[in-house]
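A.B. asks: Add chains R, G and S to chain W, keeping to what the hints say.
Chains as they are written, first to last, in numbering that gives the first Met the number 0: chain W, 0 to 120; chain R, 0 to 120; chain G, 0 to 120; chain S, 0 to 120.
Among the clues, some could well be false.
[To be verified] Here are the computed lysine to aspartate or glutamate pairs in the EDC-like style, where the Cα-Cα straight-line distance is at most 16 angstroms:
hint: 1; chain 1: R; residue 1: 9; chain 2: W; residue 2: 94
hint: 2; chain 1: S; residue 1: 95; chain 2: G; residue 2: 61
hint: 3; chain 1: R; residue 1: 107; chain 2: W; residue 2: 52
hint: 4; chain 1: S; residue 1: 9; chain 2: G; residue 2: 97
hint: 5; chain 1: W; residue 1: 67; chain 2: R; residue 2: 94
hint: 6; chain 1: S; residue 1: 23; chain 2: G; residue 2: 50
hint: 7; chain 1: G; residue 1: 17; chain 2: S; residue 2: 51
hint: 8; chain 1: S; residue 1: 95; chain 2: G; residue 2: 68
hint: 9; chain 1: S; residue 1: 23; chain 2: W; residue 2: 52
hint: 10; chain 1: S; residue 1: 65; chain 2: G; residue 2: 61
hint: 11; chain 1: R; residue 1: 65; chain 2: W; residue 2: 85
hint: 12; chain 1: S; residue 1: 63; chain 2: G; residue 2: 68
hint: 13; chain 1: S; residue 1: 90; chain 2: G; residue 2: 68
hint: 14; chain 1: R; residue 1: 95; chain 2: W; residue 2: 85
hint: 15; chain 1: W; residue 1: 95; chain 2: R; residue 2: 87
hint: 16; chain 1: G; residue 1: 23; chain 2: S; residue 2: 51
These are calculated hints, taken from the structure and not from any lab test.
There are 4 protein chains.
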Amino acid sequence: MTETNLEKLKEFYRKFTKEREWDKYHTPKNLAMAVSIEASELQEHFLWKTEDEIKELLNNSEKKEKIKDELADVFAFLLRLSDVLDVDLIKAFYDKMEKNKKKYPIDKIKGNFKKYTEISD
Amino acid sequence: MTETNLEKLKEFYRKFTKEREWDKYHTPKNLAMAVSIEASELQEHFLWKTEDEIKELLNNSEKKEKIKDELADVFAFLLRLSDVLDVDLIKAFYDKMEKNKKKYPIDKIKGNFKKYTEISD
Amino acid sequence: MTETNLEKLKEFYRKFTKEREWDKYHTPKNLAMAVSIEASELQEHFLWKTEDEIKELLNNSEKKEKIKDELADVFAFLLRLSDVLDVDLIKAFYDKMEKNKKKYPIDKIKGNFKKYTEISD
Amino acid sequence: MTETNLEKLKEFYRKFTKEREWDKYHTPKNLAMAVSIEASELQEHFLWKTEDEIKELLNNSEKKEKIKDELADVFAFLLRLSDVLDVDLIKAFYDKMEKNKKKYPIDKIKGNFKKYTEISD
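With the rest of the complex left out, here is chain W (with noise of 0.2 angstroms):
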């Protein structure tokens, strides 16, 4: 994991929020009201539609365009809110994959739609 990580990302929107003094602004509370509200917006392109019109809606350049714009909102967000509490996010990923593998073990999730969502409520 040592070649990736997300600190050149973090720099730049942290130069991004003092050039325009907006680091009052993203106090924790902000920033996670900021994540959710992005992601609604991202879910939004989804509302209504079949898995085959949203098949076909990804065929659309331009409205992929407005998604991965909402995916990248969401992104940057999560950064600069993983920057301001000095989480970094992908040691969090694993470490989340790991207690997930403890949680969903292979061999009594493969194949069992029951305990998947029973599971997961």
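C.D. replies: What follows is chains R, G and S alone, placed relative to chain W:
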């Protein structure tokens, strides 16, 4: 940016999903819902609390760990969705930040709260 | 509409809040966060599931009860926020529906999926 | 409570939906997504702002109207979902509040911030 990419994390999660036969659940619509739900769980940690109380909260290592896990959950589903949609999150981040630079030019924004909150409405 | 109003429910919740000295937490910002968090818990019940699986879920009285409780949680915080903001939810509903009638005129909408999903984008 | 019911609003929305042939979109899953998305748009009005700035915002009649519309949107989809699920929202509210009374007994809660925020975690 050559040294930063999220390919390994995506691969990790792809394998994790495949081993559990969860691919069929990981549609764009479901994954976007999942990102939003996890983002909401993240913000729940800050609900009702003042910024001072949140500082105190973050000094509690057990609670900090929970918040780290929530950040990871949002990140994981965001990564998984970007994999399914074949979007490069790092590139999407920089592309969107370029748009943000134009949308929020420093000289119009700096020290001007109204501008900030109005524009971001 | 004279016979329908939500005053009693608001009063009930106002008293409930006052007795616990929670008024100080019930700011518009916190309450709006709470509505969003509860709405997310509501949608979590449907995550990963197909419409058929959801039908089955709704036949399970224990799960139905949980979903009923989530609906109530969203409603309760929405009522509380409307009370704090001095908004009449019933009137707000009818006012908004009048706007929706103009935004989505029957003759342009009926049987036209594109129109619907495009307009609502 | 006999005089308070939301039947007329539900009927209004049911007719509105039927006239536009939208019933097929109004599945529980889609409606729950819609409630969450609207709740997020509601909270967006308060993002980045302090409580003082929010007070000022609420004195602006144009912005107040927008917030009223967002409250209505959340309420409308919540009503529609409760109609589709055949849940009486008023009854659900009182049932849930009875549970809350037991969960947050006055004597244990009053004037005790920790208790409140801990229990509600």
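A.B. asks: Could you run down the list of hints and mark each one as holding or not?
C.D. replies: Each hint, compared with the structure:
| no. | hint | result |
| --- | --- | --- |
| 1 | R:9 - W:94 | holds (15 angstroms) |
| 2 | S:95 - G:61 | holds (14 angstroms) |
| 3 | R:107 - W:52 | violated (41 angstroms) |
| 4 | S:9 - G:97 | holds (15 angstroms) |
| 5 | W:67 - R:94 | holds (9 angstroms) |
| 6 | S:23 - G:50 | holds (11 angstroms) |
| 7 | G:17 - S:51 | violated (22 angstroms) |
| 8 | S:95 - G:68 | holds (6 angstroms) |
| 9 | S:23 - W:52 | holds (14 angstroms) |
| 10 | S:65 - G:61 | violated (38 angstroms) |
| 11 | R:65 - W:85 | holds (14 angstroms) |
| 12 | S:63 - G:68 | violated (29 angstroms) |
| 13 | S:90 - G:68 | holds (10 angstroms) |
| 14 | R:95 - W:85 | violated (23 angstroms) |
| 15 | W:95 - R:87 | violated (22 angstroms) |
| 16 | G:23 - S:51 | holds (14 angstroms) |
Checked against the numbered hints above, the structure breaks hints 3, 7, 10, 12, 14, 15 and satisfies the rest.
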